[in-house]
Amino acid sequence: MASLDSLMQLGGAIAAFSFTDAGELTEHRLGEGPLNEDVLDLLCHVCVANTAIATMQARGWEKLTGMQGFYPIEGFTMVGFDWSAVTSNGQGVVLKNEGADYEAAYQVLNS
Amino acid sequence: MIKRLLVLDGVMAVAKFRDDGEFVEGYGMMPDEELHRLAHFALDYKRMVQGNADQLAMFGQINGWTPPGGWIVRGPAMSVCSVSNLVAVVNNGEGSLTEVMRELKEVASY
Amino acid sequence: MSLVSDLASTPGVLAAGEYSYRGDRFHYEGKMDNEQARLASIMCRATTMGVHMQTDMLSQFADECGCTPARGWFVKGKGYSVCVVAHYFCFIDNTGASINEVMGKMRRSVGDATPDKV
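Chains as they are written, first to last, in numbering that gives the first Met the number 0: chain W, 0 to 110; chain C, 0 to 109; chain E, 0 to 117.
The reader is advised that the hints may include incorrect statements.
[Stated by the list, open to error] When the alpha-carbon atoms are kept at most 25 Å apart in a straight line, the in silico DSS-like pairs for lysine-lysine are as follows: (1) E:K77 <-> E:K30; (2) C:K104 <-> C:K2; (3) E:K77 <-> W:K62; (4) C:K45 <-> C:K2; (5) E:K30 <-> W:K95; (6) C:K45 <-> C:K104.
No wet-lab data here; the hints were simulated from the structure. Remember, it's a predicted structure, so these values are computed and weren't measured experimentally.
So here's chain W without its partners, still in its complex pose (with noise of 0.2 Å):
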């Protein structure tokens, strides 16, 4: 698991978290900007959402073309209008879109 505080240090980290399973959170850390706890619980409870529809079409779609290398799902990441929510093994990164190092962020999160 990565430490919430090395997320931090990821460029134009706004925000890190973690989360259960139902997408309950459970442990944050804010800079700067109007985010705050609230809406970090409804944001991982849409990226549980979402993670549980990916892994019904990677199980779809790897079921009906054969094609292999989707499942399971390693992670959801929701581009917004400025920011980028990163999110994998129920921890997550809110990252400024831009200059957002997407790779780096994963390499931080799968530590």
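Chains C and E: place on chain W using the hints.
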């Protein structure tokens, strides 16, 4: 016409929306702004359920899921349910979702 | 060069495509057949609709939350990832492609597309 749904036990609010997102009408124990939000949410949710049902049919290769007839989201005390372009908020302890869904279906067919 | 062609010729990209907002037409290039492109279009459109709904709801709880309108999303699988911005999709091989490069190209090209038809 949708006002008659308020007569059903447990129904707290009802709203009607158009597929282009336009709010048509809404009634019940909720301020106007919240009725608009309820209708907006119901349209979004309808489209999402439609999309997911399409995929289930596509991947499962079984007919019978699409087009979806409606949806119910059940909370501990309140539920939200929808058929076609109608949505209702129901108090679980006071009403029957079966009855509300049946009435929603009937009113939606007018 | 169109965005689809540009993406399809990017190292590590399996296939790229675009679909109509109504979901009934699509165009693609790369290692994918017509049926797979059709499935991909349906899947990407469904998730995009969901993401737009979710960000709309998030914005109701936090003014200027910086998430609306949503520009796109990507999902990382074991060996492959799927990136979507506006109504464009791109399937990439995790070992051969850079998500940053692909998302950067997509965002610069269509990241400001209006979401009113989603």
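Hint check: E:K30 vs W:K95, CA-CA at most 25 Å. Holds or violated? This hinted pair is violated, its Cα atoms lying about 33 Å apart.
Given hint C:K2 paired with C:K45 - CA-CA distance at most 25 Å: Answer holds: C:K45 to C:K2 is near 21 Å, not above 25 Å.
Between C:K104 and C:K2, is the straight-line Cα distance small enough, at 25 Å or below? The hint holds at about 14 Å.
Given the hinted pair E:K77 and E:K30, is their alpha-carbon gap at most 25 Å? Holds, at about 18 Å.
Run the distance test for E:K77 versus W:K62: straight-line Cα separation, threshold 25 Å. Holds - the C-alpha atoms of W:K62 and E:K77 are around 15 Å apart, at most 25 Å.
Is the straight-line distance between the alpha-carbon of C:K45 and that of C:K104 25 Å or less? holds (15 Å)
Hint compliance for this structure: hint 5 is the single one not met.
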